[in-house]
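Line order of the protein sequences matches chains A and B. Number 897 in our numbering belongs to position 897 of the first sequence; there are no gaps in the numbering. Position in the second sequence (first residue = 1) + 10000 = our numbering.
Just to be clear, a hint being listed does not mean it is correct.
What the hints assert, rightly or not - Selected chain B positions facing chain A (in silico; Cβ < 8 Å): (1) Thr-10038; (2) Phe-10117; (3) Leu-10257.
What the hints assert, rightly or not - Over 12 Å on every C-beta distance to chain A, these chain B residues come out as not near it, computed from the model: (4) Asn-10120; (5) Lys-10234; (6) Ser-10267; (7) Ser-10302; (8) Asn-10340; (9) Asp-10342; (10) Phe-10380; (11) Ala-10384; (12) Asn-10396; (13) Leu-10412.
Claimed, not checked - Negatives, chain B to chain A, calculated, CB over 10 Å: (14) Thr-10016; (15) Lys-10084; (16) His-10170; (17) Arg-10176; (18) Ala-10209; (19) Val-10210; (20) Ile-10296; (21) Tyr-10343; (22) Thr-10370; (23) Ser-10392; (24) Ala-10432.
Read the hints as simulated data drawn from the structure, not as lab findings. Even glycine gets a Cβ: it sits at the ideal position worked out from N, Cα and C.
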Amino acid sequence: MIKTFTKQTLWLAAMLIGTSAFADKIKGRLVDDKNEPIIGATVAIENTAFGAVSDANGFYEIKNLPAGTYKLKISYLGYQTTYLEVLAIADDATDVPKSITLKEDSKALDDVVVVGYGTKLKREVTGSIAKINAKELNDMPIPSFESALQAKLPGVQVTTGSGVAGSSAVIRIRGVASISAGGDPLYVVDGIPITQDFFLNNGNSAGNSGGMNNNPLASINPDDIESIDVLKDAAATAIYGSRGSNGVILVTTKRGRKGGFSVSYTGSVGISRPTALPNMLNSTEYLQLYQEAYENDGGIGLAPLPGGISWEQARKTNTDWVDLTTRTGIKNTHSVTVSNSGKKGGIYGSVGYSNNESYLVGNRYERISGRLNGDYNLTKKLKAGVSTSLSQGTNYRVNTAWAGGLGQAMSTALPIYPVYDSVGKYFTGDNPVRTQELKKWRTTEIRSINNIQLDYELAKGLIATGKYNLDYMQLQDDQYDPQALINSTHLGTANRYATYVSNYSYSLMLNYRRAIGKDHSMSLMGAYEFQESRTNSSSVSSNNMTNGFWDDKADAAEQGRLPKVNPEDGYSFLSYFGRANYDYKKKYFVEFVLRNDWSTKFGANYRYGFFPALSATWVISDEKFFKIPSVSLTKIRMAYGKSGNANIPTNQYLSKWQPAGASTPYYNQPITFPSIIPNPDLRWETSWTFNAGIDVGLFKDRVTFTADVYDKRTTDVFMQLALPPSTGFDNYWGNVGAITNRGVEFSITSRNIVGAKFTWITNFNVSRNWNEITSIGAYSEDAVSGGTNDTRVVVGEPVGTNFLVRFKGIDPATGKPIYLDKAGNETFIWDPKDRVAVGNIQPKAIGGIGNNFRYKNWEMNVLLNFVLGGDIYESSAKRQNGVVTTWNMRTDLFDRWQKPGDQAAYARLTQNTATYGSSTPWINTTQWIQDGTFLRLRNVTVAYNLPKSTCQKIKLSSIRIAVIGTNLLTFTKYTGLDPEIARDFENATDRNMSPNITYLTPPQEKTFTVQLSANF
Amino acid sequence: MRMKKNFYILIGFITTVIVIGITSCAKIEETKPDYIFTEEDAIKTPTDVQNLLNSCYDAFANAINGRAQTFNDLLSDDLAKPLKDDNGFKNEIYNRNTNIFNSDVSALYKTFYVIPFRINNMEDFYAKVGVSETEQKRMRAEGRFLRAACHFEVLKLWAHPSGFTPANEHAGIVIRDAVSQLPKARSTVAESYAFIISDLEYAIANLPAVNDDYKASQGSAKALLAKVYYMMNKPAQALALLNDVIASSGKSLSGALNKFDSTAALSEFIFTTRSTGAGDNRAGEFVSRYRCDNKIPEFALSKELYLLLTSDTLDKRGKNLVQIFNAGKDNEYYGCKKFNSDYFGVPYLNMTDMILTRAELAAETGDLSTAIGDVNKIIFRAYADSTTKIVSGGANASDVLAEIRKQRRLELFCEGDRVQTLKRRGANNTDASYNPNLTIRNAPWNCPGMILQFPSIETGAGFVFNGTGGCN
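The following block holds chain A by itself, in its conformation from the complex (with noise of 0.2 Å):
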């Protein structure tokens, strides 16, 4: 009341002085609650340039301060910011007080991690856990959310999908643990373990053609995203059970806002151009070269061309196809979202669309989308919660890599060859452009995440919790190659592979919660939980129609045909779980955890098991004996436990036989025969986790930092056997393999300045994972590949290591390549069964550097990513640099042996596969080995922040508009497209097992975007 007086006859006398008067100045003291003096504090008067930093003493003064009223922010590191409203009049006049006492900010121990099945503070967390806020989430335009953990956080390799629209990115969490079973991380949106299946569609024939798989992640919005949690250690995921041992990655959406009703808006438009194109050979080059292959086998004359094209024709024509199937890409994308909340609830709403061209001529991903997330408080005792969502993605694809498009320009578009011929007509042999161009080819995504909760509280401290989720998911995927494509007498021939996924979960949990005394606490939650996901595919093609299905205006009677429809596919998870938490003065930390998974995927004798998971965290800091003035924070964290992955195809343990009467049978008797053998003891893979981690924080948290070494050795790997053909059988899902992933990482966040007008703070991480397979049972290195890539399952090297036999260089004397045999010695001849594990496809170490820096209103973020180390197999330099086919060839090949004597990087040219020694041109060797070491600007980012003022004039509580540019240079030795990879994988197997391996894998995009966020 006093206050409010003193204010008001304050007030009143600045008023009556006039608005000239000049408090002068205000000035005070900053201490913590020892009274020991604050310095270098940040003072600061809020929507004007008047400010101090506190002295060695503690003390502050402003000068030269018009009287009024403001509003003080005094911020330091390690201490909350505190807000002050203050009057100044004029000759010093002020109600400032003399000293002002900061408390300590624990924020570091208190942000809420999300975990599975419920949150905890961080100071909670016995695990290892990463998080990434929406903020981190959307500073650059990505083509899906999974992509903007690159290089953020320890541990989490990301490799970002190429530059094809919607592309997916392979996430690898402290390693590959898997080998045939998936080995993403368990994707869980709102606590829906969603369908993410890159290989859906694959089931159905529709196949992985166009170079890259369908990404079942690319529809949810990133806009959406609040955070995202990566669990990393069993501690974390054993909660998860028999689906956590890749690690999982918790997706949380808005929910409104405290603070009342607010819109916002966010939109950017931009380019994309490839990072790097190849340097295939024009016209001239061709012949020259095509003709010096021919003479070297002892040709005479001008050699046959290929496609029936001849001499005058080819050296008329130059054709640029790389030119002609790239483009620069325009990507916009617009979001709108509208958040409120009161004592009773909140509300989030959002609708978004965007439209994402990439490089390649004819490839778009367009994306529309709406979410409503709300929350109601229905009595004191009962909450409920609502999330749905809706999206719609629409891939319209191109063929790619092997598939054609820039892949058919970087190998059979011949540059001697036309695009159209003498007549104008489209020239039929290798043509790109014909085919981009007829071809319709599109594959449209509906999906839709909806859960709805209800907590009750029973009694103080206990509270019951049902959920019911639906993730619907329905991929659909339409081709139509016209009549004038396919060169026949009937009219097109049109495709089309629906999948629909239904993918439900209920649960219901009972969590407590209770102090015991001043020291003692302690929470329980147990729960149970029943999952269920089914598939149903159905397939229809037409060779009469004159568009494809989704047209619904034309060929009537074609679309009434009926589809083939697929047997239902499914599984069922049952599963119980519970975690128990104590802790002693919130310095010890104990928490148990154990999981009992029921699974249909898994065999008789296995159908069930339990995953348990101890851990415990120990604050040292807290200690009294601890005094160290530097460290403010030291958290000791240790966890070992047990997780599994359950990631593979369904009924693989079930013996499959062909019935009587399905077969031809054998001069009029009936056959009946066995395909794959039963395998009643199938069962998940199993990981044992070891994770010890620190937690410091110094000079009251200016820098902090996280260190953590694990040692997780998995057991129980599923392997998809090619089988020893003297079995009688083909493929066997067994549990085979033993895998070990140990590792060590760090990250680093160092707020280097911090000031009112000025603020840098930096973030770096790096991690090492050594992998290695110990174990593939009694079966050979063959007995699981890459898809057509020659890596293999090799003991004590890493997952997908390269199976090749050894290049050793070209003979001078004859222009052939030397190779070695399997016990070291120079021969001529290439024979696979001389393949060895060569190389070491591991990088040494990944991580990322982040510098963000904030000058009064303008921000700009400058992004790193590197890969030291690590091998990658250039596949189609085999076939571009090797023996001369029908395949364009790159300029490398300059350097080439040409005349006895010659130091030559390539071999003598030849068309005739017997002078490399083999008769096949698909010579794999370690010749196109290469290191993939890269360093990568990733992103910078330059935005600048309307004044307050001056969105408010125009009513709008925020402006911010940035200029982003992604990919912009990547310094590397290697030769080809781009470092950074993500192939057309052909399965899971080949996903865990080639991430290394390019052919003719379009590079990644480079993208220039501007961005207006603005908040109503």
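Put chain B on the given structure of chain A with help from the hints.
Okay, now just chain B, sitting in the frame of chain A:
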């Protein structure tokens, strides 16, 4: 009061969890989808086990539909370089340079081993579905016959012949005598032959004396065992069996020059596969590769064989079974006309082979009378003339043996016989005409590439691959 209410709510909540949990448990247990046909669905009665045995005959027919025979002949001197070879794998065989990624070779290898797997799998079902003891013996014996045949064919193609090393301790093949998904090391050639012999002895003891010619009988098991002993260079054992088969099997040499031009069974078929129509042709590989009356064949005869077949114009084989195309031109080739039909069976064991084998073994062991008698039956059929071309009783032993071997080649060309008899001769140091330096199309009979390479995925702990190439 409130506490009590909350207690009831809690009890209700826990009860709900239990009830729902139990209901869900049932869903977890009932997992097998209807569309998957499992062992339990397939094998319920003795008839189902018979159907499984039928599938072994079916699979065997698909392995010897010309594939095994053409791969043998590609290694020999009977064929020219393939006229057509889309994937290059046939040329690798022809060049005696197959590698671990030759998928044609892998496919044949696997096809043979499908049969032992099924035969071994049958053992799991006899008692389970109540197959009678008698029927068990019969089925097992038929199975052992097929299992032996498969191992024998694999042994001939993937291992050096008996005699390559003195005690046959060189690497043989993988023996599959039980169902297993695990890799296995190769047995020695001696062990491989011992296994094959043991299977065939069981078959002889338990097979019916008479059976349809597309099913195993005592006669067919004896005929096969005779061939096994022939390849092992054990003339006494082979001759005893051959005498038995020729005298007592109820089969006789037919008058037909070509065993492959008819869908009808010939009197000389001891064991044959059967085709029921062009869409069910169990000799498809022969037709695809050799047929030359309506297309350019993929495989053609070597000029040397063609000239040998046609040098005597009275020999009806040269007239009826081969043909020159594009004579005198750059693209001249020599077609094999044995397989110019839409469909037919493959007489895996036949009297022509038995008689020629007995003739050769008899000549090698000094029984010229039997040798001459047998070879003259073949010559008579080829010439339809008993006076001008038959071997006279006064011929010397080496001439008789040479003539028998010549007749064997002229009779059995394109049937996969030639390379094995040549290798046998190279390894047979008890033969008077033994030539350790024997070559086959200018390559030593025992060069590494003269046998096929194993598929890459066959390997496991202790498995040893064959050598590669080294023949050219």
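Thr-10016 of chain B and chain A, when compared Cβ to Cβ, separated by more than 10 Å: violated (6 Å)
Status of Val-10210 of chain B, Cβ more than 10 Å from any chain A Cβ: For Val-10210 of chain B, whose nearest Cβ neighbour in chain A is about 17 Å away, the distance exceeds 10 Å, so it holds.
Test the statement that Arg-10176 of chain B is away from the interface with chain A: the closest C-beta pair must be farther apart than 10 Å. At roughly 6 Å from the nearest Cβ of chain A, Arg-10176 of chain B sits no farther out than 10 Å, so the non-interface label is violated.
Non-interface label on Ala-10432 of chain B, tested against every C-beta of chain A at 10 Å: Per Cβ check, Ala-10432 of chain B is outside 10 Å of chain A; nearest 38 Å; holds.
Going by Cβ atoms, does Ser-10302 of chain B stay more than 12 Å from chain A at every point? Non-interface label on Ser-10302 of chain B holds, nearest chain A Cβ at 21 Å vs cutoff 12 Å.
Verify this label for me: Tyr-10343 of chain B is non-interface relative to chain A, using a Cβ-Cβ cutoff of 10 Å. The assertion about Tyr-10343 of chain B holds, with a minimum of 12 Å to chain A.
Would you settle whether the hint for Leu-10257 of chain B is holds or violated, based on the nearest Cβ-Cβ distance to chain A being less than 8 Å? violated (25 Å)
Check the non-interface label on Ala-10209 of chain B: least C-beta distance to chain A beyond 10 Å or not. Given that every Cβ of chain A is farther than 10 Å from that of Ala-10209 of chain B, nearest at about 21 Å, it holds.
Least C-beta distance from Ser-10267 of chain B to chain A larger than 12 Å: Answer for Ser-10267 of chain B: holds, closest chain A Cβ roughly 19 Å.
Is the Cβ of Ile-10296 of chain B more than 10 Å away from each Cβ in chain A? holds (21 Å)
Examine each Cβ of chain A, and state whether all of them lie more than 10 Å from the Cβ of His-10170 of chain B. Its Cβ never comes within 10 Å of chain A, the nearest being 18 Å, so this holds.
At a threshold of 8 Å, is the proposed contact between Thr-10038 of chain B and chain A supported by beta-carbon distances? holds (5 Å)
Violated hints for the displayed structure, listed by number in ascending order: 3, 4, 14, 17.
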